[in-house]
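Engineer: Each chain, written out:
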Amino acid sequence: MRPFSYERAATPAAAAASAARNPGAKFVAGGTNLLDLMKLEIEKPAHIIDINDLTLNKIEATPDGGVRIGALVRNTDLAADTRVKREYPLLSRALLAGATGQLRNSATTAGNLLQRTRCPYFYDTAQPCNKRDPGTGCSALQGFSRQLAVVGSSDACIATHPSDMAVAMRALDATIETALADGTSRNIPIADFHTLPGNTPHIENGLKPGELITAVTLPKPPGGMHVYHKVRDRSSYAFALVSVAAIVQRDGSGRVALGGVAHKPWRVESAEAELPRGAKPVSERLLAGARPIRDNEFKLMLVQRTLERVLLDARSAA
Amino acid sequence: MQGPGNFDISRRDVLKLGAAATAAPLVAKAQQGQAVDTPVVAAVTLVVNGKTHSLKLDTRTSLLDALREHLQLTGSKKGCDQGQCGACTVLVDGRRVVSCLTLAVMAQGRKVTTIEGLGTPAKMHPMQSAFVKHDGFQCGYCTSGQICSAVAVLSEIEQGIPSHVTTNLEAAVQATPIEIRERMSGNLCRCGAYSNIVDAVSEVAQATNKVRT
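Just so you know, the sequences run in chain order R and B.
If you use my numbering, the first sequence closes out at 318, no skipped numbers anywhere.
If you use my numbering, the second sequence closes out at 531, no skipped numbers anywhere.
If you are wondering where the hints come from, they were derived from the structure by calculation, not from laboratory data.
This structure is a prediction, so every number in the text was calculated from the model and none was measured.
Check before you lean on any hint, since a few could be wrong.
Unchecked claim - In silico DSS-like pairs for lysine-lysine, Cα to Cα no more than 27 Å straight-line:
id : chain 1 : residue 1 : chain 2 : residue 2
1  : R       : Lys39     : B       : Lys396
2  : R       : Lys26     : R       : Lys44
3  : R       : Lys58     : R       : Lys26
4  : B       : Lys396    : R       : Lys26
5  : R       : Lys39     : B       : Lys374
6  : B       : Lys396    : B       : Lys369
7  : R       : Lys280    : R       : Lys39
8  : R       : Lys39     : B       : Lys451
Go ahead and model the full structure; you've got the sequences and the hints to work with.
Structural biologist: Pasting the structure below:
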């Protein structure tokens, strides 16, 4: 690990300002996906800004009937929140499908959104990787790609976003609130937050230098049946091969987002019009233009079959 | 005790470094935002098993290395050092975390409990006794983490925190074997003592009425 200086920020504005002054700085909250990368010298911050003293750990009602989740709310506490369990069970289920009890106790709402990919070639510093070292090439294209992206990928990168939480938030139309170094704040719809790899896979979201996530808001509860189904190589503590987050209303309409298939939580709103006609047409629309390769082609059928299962579960629970 | 945020940080040319430190060229760069090549030392107050310790640590020191190398509390084990195996599990403010993915400076002012703080050979914690009774280990390397994790699992169940296998998110949670297996999935045991570990945790859960019989 490279040496770094360390400070504890007292306010979101001070944290953002300090990060903007120190281009090599990183915020730390849980640290569960920063410290592992620092040990491998994939992340090399010269300065660490600890934001754990900021009072961003509340879950509050919003005036429009939704909920505002502080950036520092731990994954355990968000999953176990009484109102989240009752009105946004999709979010609880997605959180509980990810990581372990120890990691969920540390990991935060904002940090979960900012997780880096678990592509094995990103982590293997002996191999070229455009995300880790721009311009060096993508080892995954000719490598072991079972876990990797089938849609929205590029010739430069086929990494997936590893989060379960973010997939549920995408289906729930979350908005990300931030504080900027100039003292202003802004709201970013989750659909626009994560970016596709294109030729710049090292850029994963639209945050500006120093910009700090302060909260995630959810609009008023969507009702309907909430199902999160994650398919993985072990029954616990593994990243998704494919996950499906669905909200299905009694009239058959609904929303679907996918995890484990793309560089970001994957949702195609126009595909949702097909929901009353079943999993096949929805999957075809969701995965239109997919570019699977040898080891991950199975994900296309797996998405359809997992969605089929999710729709059956939603119907039987209704 | 020092309050949070009140740190005495200095850069030194020559340092006595702990296990977290690697040989680094001793060239300080004054400009902010430039790579720091010189180790940075911070004064850290850790409260471990009820005792307060004032340490001067390289900022890179993980909580695990601070416990093992600086406080000689070697019960917590370093398995993967990447947050994947759970051998370093300790309780921070009563919640289980992997101490390898926590910086010691981040634990300033928090209450840390390690296996040494749960029980002693003369006065074992009920979970320790249950692991001995049920042979919940072979080599023992993962055991400290397993026991710290298991104690927290029963506390999480008591608090009503659901898991991936909980059928009804809003109902009271039961410490069934399937719940215990799911909740302990972050603690790997290469010897494969899992079934005995589940038996040990189940017995403590029953003894403390965390499962309906």
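Engineer: Now tell me if each hint is right for this structure.
Structural biologist: Do the hints match the structure? See the list:
no., hint, result
1, R/Lys39 with B/Lys396, "holds (14 Å)"
2, R/Lys26 with R/Lys44, "holds (9 Å)"
3, R/Lys58 with R/Lys26, "holds (23 Å)"
4, B/Lys396 with R/Lys26, "holds (25 Å)"
5, R/Lys39 with B/Lys374, "holds (21 Å)"
6, B/Lys396 with B/Lys369, "holds (22 Å)"
7, R/Lys280 with R/Lys39, "violated (44 Å)"
8, R/Lys39 with B/Lys451, "violated (38 Å)"
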